[in-house]
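Novice: Let the hints inform the model, and build the full structure from the sequences given.
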Amino acid sequence: MSGILSIGVSALLANRQAMDTTGHNIANVNTEGYSRQRVDFATRLPALTGSHFIGSGVEVAQIRRQYDDFIANQMRSSQSVASELDAYFSGASRLDDLLADPDSGLQPAMESFFNALQGLADDPASSAARQVALAEARTLVDRFHYIDGEFNRSRDHLNDQIDFTASEINRIAQSIADLNADVTVAYGVSDSAIPNDLLDQRDQLINDLSKLVDIQVLEQSDGALNVFIGKGQALVMATDAATLSTMPSSLDPSRREVAFNYPFGTQTITDQLSGGRIGGLLRFRDQILDPAQNRVGLIALGMATELNDQHRLGLDLDGLAGTNLFSTGSIQLLEPGTNGSSITVGYDSISNLTGSDYELSYDGTDFHLTRLSDQTTTTLPPGISVVDGLSIDIDATGAVAGDTFLIQPTRNGAESLNLLVNDVRKLAAAGPLQSQPAVDLNGNPTNTGNARVTLPSVSNASGLPLGAPMELVFSNDAGGSGVPGFTLLNGPAAPDDFLPYDPATESAGKIFPNSANPTQFDAFGGMSFTISGMPQELVAGAGDRFIINNNTSGSSDNRNALSLADLQGLDHLLGGNATFGETYSQMVADIGAKTHHAEVNLAAQEGLLERSKAALSEVAGVNLDEEAAKLIQFQQAYQASAQMISVANTLFDTLLSAVRS
Amino acid sequence: MDRISTSMLFDRGVSGMLQQQAKLSKTELQLATGKRIMSPRDDPAAAAYLLDLRSTISQVEQYQANSDRARARLELEETTLKGVGDLMPRILELAIQGQNDTNTAPDRNAIAMELRQLNDELLALANTKDSNGEYIFAGFDADSPPFTNPVEGTYTYRGDMGSRQLRISATRQVQDRDNGFDVFMNVEIATGATPGERRNIFETIHQVITGLEANAPDSAYLDDIHLAQQHVLDYRVSSGARLNTIEQQNNVNADFLLTMQTAQSEVEDLDYLEAVSRFQQQLLALEAAQQSFSKVQGLSLFNYL
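Line by line, the protein sequences are chains A and B. In terms of our numbering, the first sequence opens at residue 4 and continues consecutively. In terms of our numbering, the second sequence opens at residue 2 and continues consecutively.
Derived from the structure by calculation, the hints contain no laboratory data. A quick note: this is a predicted structure, and the numbers were derived from the prediction, not measured. Among the clues, some could well be false.
[Stated by the list, open to error] With a cut-off of at most 20 Å between alpha-carbon atoms, the simulated SDA-like pairs for lysine to any residue come out as follows:
#: 1; chain 1: A; residue 1: LYS633; chain 2: B; residue 2: PHE303
#: 2; chain 1: B; residue 1: LYS24; chain 2: A; residue 2: ALA606
#: 3; chain 1: B; residue 1: LYS296; chain 2: B; residue 2: MET18
#: 4; chain 1: B; residue 1: LYS36; chain 2: A; residue 2: ALA596
#: 5; chain 1: B; residue 1: LYS36; chain 2: A; residue 2: PRO111
#: 6; chain 1: A; residue 1: LYS633; chain 2: B; residue 2: TYR305
#: 7; chain 1: B; residue 1: LYS24; chain 2: A; residue 2: ASP89
#: 8; chain 1: A; residue 1: LYS616; chain 2: B; residue 2: SER8
#: 9; chain 1: A; residue 1: LYS616; chain 2: B; residue 2: ARG13
Specialist: As structure tokens, then:
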């Protein structure tokens, strides 16, 4: 009788606990990271009565959470990759939208500018056309600044996010360490007592941490979890949490570095971090932001340099040589204060620049130059070397192992671009030289042949303006008896003062200078012209004459404007393989492809994540219908147990009344 | 294990609806803008191709604008030279008439008078200005009149030998005017002291005038006037030929533009038929997701407890 009573009581208690647990499950149906809990019933130790074991009821053996470490690990790594891609994608898509936008992109501004130069070529004397050209130049500069500003804003935002993420990591690491302490204490209480809710909380924190950075987790025998990041740096060791700090790079203050704080000092681990939001941010910076800003800088630098060079070869409305249209960027050489050696870097050829940044370091024996875009390394000797359009001069005196230099050839290209010409008269649309046949005071021709000399084009500024008009005098014996041609006066010195020209065979046109004497006019603006037709020498020694002179009143001359406009279609950049426009559209395609790739991968990874979440939730998630059924189940068992006590009571009463009677 | 957690059921329903909404919103944006590609990541290769296409189109449109300029200028030159060409037969006629021995000195003076007027007209034509105020026969020095007549019988050219080119295609430039030296000054004559000697048209006519006024016309100048007439005609033909060149290039450019714009539209523009049917489908899918969500969420065992 005491048996049935105690069995009934044990069942009552056990089923009460089961109903409590079911209620707990229902209560936490919406709690993030909660794993449903199950009560394991077990029979109590049977009692030996005479020759029989007789059952003694039920007890709660354990309350376990339903969880699967394997699936949880899978979910964590999917989570880490998905968060990385998400951070990468959100940065990339912003630039992607910006760069090809018909209103804010660079391409439309470049087109309008070059079209305005064509307009200037159409109408060099028109002050309106000049105004338009200057206005479009200003718009182009503004557009470069706007896009560069967007890069900088993106960088600021990225730095803030890195700071924020590092402090999040610190906060979570500390919480995990605290929970480790709680968990180990809880496990110490009894073998059967599992701190289910603490474990859930800690797993949820681990999961949150994996969204921020890729981690490795190792469980200890005492139930504590150790967490490692990067190349095995221990972020959480049992009940101790380490911290990360962020700081501007010692080389480039605009670049944020992440460091791991040891008790004895800090170690920069930026390059070792991967995965999670911080991995995505860093990858976005290395693969998209830095290259894009460098590329736009390269276009700005290339355009400014080419346009300046051409503009200086022209003449403005006042007959003066053109000046630089734009200010250009310069190489940024960044170094810590601790270097022993020193270097100087200059542009060797703008068209060979790659747009990458470079790091030069000294290892105690050699200087190694690393191209950061593809991590190619070359060894440079001390002295001058030319690499990728850069001229690098290394002074190895005092070099110390560990000397480091960061070279950013085009980073500030867009920022430094500014319009230097603000007066429409200063636009050099005209060519510097004119040619004409000899005339008398009234402009009447004095030559008797029909030879013509085309307007000279120029390729450099040396010797310009000409000190005196250069004269070409035809003679049938100019090059010695029977060798016809033109003698040059006020031109190159002997033996370059002669142009061989045979009217009998060359009247269709002959270009000077030509392969016979390619450098003939290098000191005279590098001029080039074509002679055609039949010059005459009616009186020996007084043949037809032509004069090449400074262009003094060419208000309607558009030759230099044409040359400026033609720069649009020439392959100046990326090793002479791409126009300015193509250099830009290639970048847009590249960023578009990377963004697209990230978007596709992100969708795939989110699918994976969704699946492992579903798999985990199959095991650990609460199903309300199931809990309702359990509730009914335990309630019925509870009612039956109560009935047992009632039966025991009846039995007892029966016995009592039997004794009483 | 056939169990699914309640929150997963809920999340799935919600994320299903969100996904359908996102798709629907993208299609809606495509329909609103008529563009297939919203940002380069939608189709990176096509996006870069589009940038290059737009750049090419903008350049060719500029070439068309350039050739419109060149055409207007050449038409003005052509018209002006036609004006010169219209004067020359009358000048030749008068010069021939002056040769006639039946003329008296007053007759010849009268003829000379008309010739003077015609020569002035010729000079005025040579100093023609365009709508921008540029003297069309002054070479590059186009802001002052190129031809002057400082002293009786002397005509001077103050322009230069510039000849301006405009770009009308990536590979083609066309000269938009001729300088006055070539057209009016550098004219071969038959009456020179040496072979190949040249004289300007105005002075040739002046020679005829002075001969008539002295009542001693020299028939040799008739040949000079004839040569001058031919010389001007040559330049008129040349400017007409350049107008033809422009016309041809214009047509080529227009065809090219059409091809490029068609290509652009094929790459960039939305296939409305496809997009509208996609829109309908997505609308249906969203409605289905919403209905199934509300039905499924309405079911619970607790309703029966």
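Novice: So, for every hint listed, does it hold in this structure?
Specialist: Here is what the structure says about each hint:
1. A:LYS633 - B:PHE303: Holds, because 12 Å separates the two Cα atoms, which is no more than 20 Å.
2. B:LYS24 - A:ALA606: holds, 13 Å
3. B:LYS296 - B:MET18: holds, 14 Å
4. B:LYS36 - A:ALA596: This hinted pair holds, its Cα atoms lying about 19 Å apart.
5. B:LYS36 - A:PRO111: holds, 18 Å
6. A:LYS633 - B:TYR305: Given that 20 Å is the threshold and the Cα spacing comes to 14 Å, the pair holds.
7. B:LYS24 - A:ASP89: holds, 19 Å
8. A:LYS616 - B:SER8: holds, 11 Å
9. A:LYS616 - B:ARG13: It holds: about 11 Å lies between the C-alpha atoms, which stays within 20 Å.
The earlier numbered hints are all upheld by this structure, with none contradicted.
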